[in-house]
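Engineer: Protein chains in written order, with this note's numbering: chain A, 1 to 112; chain B, 1 to 114.
Hints in this document: simulated from the structure, not taken from any laboratory. Incorrect hints may have been included.
[Claimed, not checked] Where chain A lies over chain B, by a calculated footprint (3+ residues, C-beta under 8 Å): (1) 12-25; (2) 37-48; (3) 53-62.
[What the hints assert, rightly or not] With a cut-off of at most 30 Å between alpha-carbon atoms, the simulated DSS-like pairs for lysine-lysine come out as follows: (4) A:LYS79 / A:LYS45; (5) A:LYS45 / B:LYS78; (6) B:LYS11 / A:LYS79; (7) B:LYS78 / A:LYS79; (8) A:LYS42 / A:LYS2.
Cβ coordinates follow ideal geometry from the N, Cα and C atoms, glycine included.
Now for the letters of each chain:
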Amino acid sequence: RKEVEQDPGPFNVPEGATVAFNCTYSNSASQSFFWYRQDCRKEPKLLMSVYSSGNEDGRFTAQLNRASQYISLLIRDSKLSDSATYLCAVEAGGTSYGKLTFGQGTILTVHP
Amino acid sequence: GAGVSQTPSNKVTEKGKYVELRCDPISGHTALYWYRQSLGQGPEFLIYFQGTGAADDSGLPNDRFFAVRPEGSVSTLKIQRTERGDSAVYLCASSRSGGGETQYFGPGTRLLVL
Numbered sequence: 001r002k003e004v005e006q007d008p009g010p011f012n013v014p015e016g017a018t019v020a021f022n023c024t025y026s027n028s029a030s031q032s033f034f035w036y037r038q039d040c041r042k043e044p045k046l047l048m049s050v051y052s053s054g055n056e057d058g059r060f061t062a063q064l065n066r067a068s069q070y071i072s073l074l075i076r077d078s079k080l081s082d083s084a085t086y087l088c089a090v091e092a093g094g095t096s097y098g099k100l101t102f103g104q105g106t107i108l109t110v111h112p
Numbered sequence: 001g002a003g004v005s006q007t008p009s010n011k012v013t014e015k016g017k018y019v020e021l022r023c024d025p026i027s028g029h030t031a032l033y034w035y036r037q038s039l040g041q042g043p044e045f046l047i048y049f050q051g052t053g054a055a056d057d058s059g060l061p062n063d064r065f066f067a068v069r070p071e072g073s074v075s076t077l078k079i080q081r082t083e084r085g086d087s088a089v090y091l092c093a094s095s096r097s098g099g100g101e102t103q104y105f106g107p108g109t110r111l112l113v114l
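For reference, chain A alone in the conformation it holds in the complex:
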């Protein structure tokens, strides 16, 4: 089993749709959680950190479920510009502190 798993998609949704991605992780000692966005042939850019209490930034909401070991990302009112690959990343503690383990990414295409 991979340490971090994502549904690779692709997800094809119309503008204005709501779309949700999940990401599961296997290491129960994981401490920090992130969602990155990556455009084609570009570097990953931080979209959101994910906190235990959940957090929201405009149309984006991230949640963490430690009991079930998954994080989620919800995008409301999708825009064409949201088309990208969304990567979840998990940082374990202890000797792995600082090391991010990424999922393979979920491809989102928003169409008119």
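Fit chain B to the supplied structure of chain A, relying on the hints for placement.
Structural biologist: Using the frame of chain A, we list chain B on its own:
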């Protein structure tokens, strides 16, 4: 301010050759990371520097890969006797002081081994 920069942006080499990839982190960031990303995959951790020392090099695939950060700023990833399977995008990231903090990525170096 300036972000993470990497040079070269593209590198084509022949199997068996030696390559060096350079990373300039964000000024003042003490933590520096190298990742490798293959097509259709997420970035894969290689090594993490805290200052001049490698805090975690558990992701280096074998002894052909080596990285240095002699003055705690610029880092060089060195690959000896390159193989076709080394072809990937090599990403560098930096963070202000280490674990738990946002890692900012550079644009990457696309390495192609023929």
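Engineer: Now tell me, hint by hint, if it's right for this structure.
Structural biologist: Consistency of the hints with the structure:
1. 12-25: violated (count 0)
2. 37-48: holds (count 7)
3. 53-62: holds (count 4)
4. A:LYS79 / A:LYS45: holds, 18 Å
5. A:LYS45 / B:LYS78: Roughly 25 Å separates the two Cα atoms, so the pair holds.
6. B:LYS11 / A:LYS79: Outside the cut-off at roughly 35 Å; violated.
7. B:LYS78 / A:LYS79: violated, 41 Å
8. A:LYS42 / A:LYS2: holds, 24 Å
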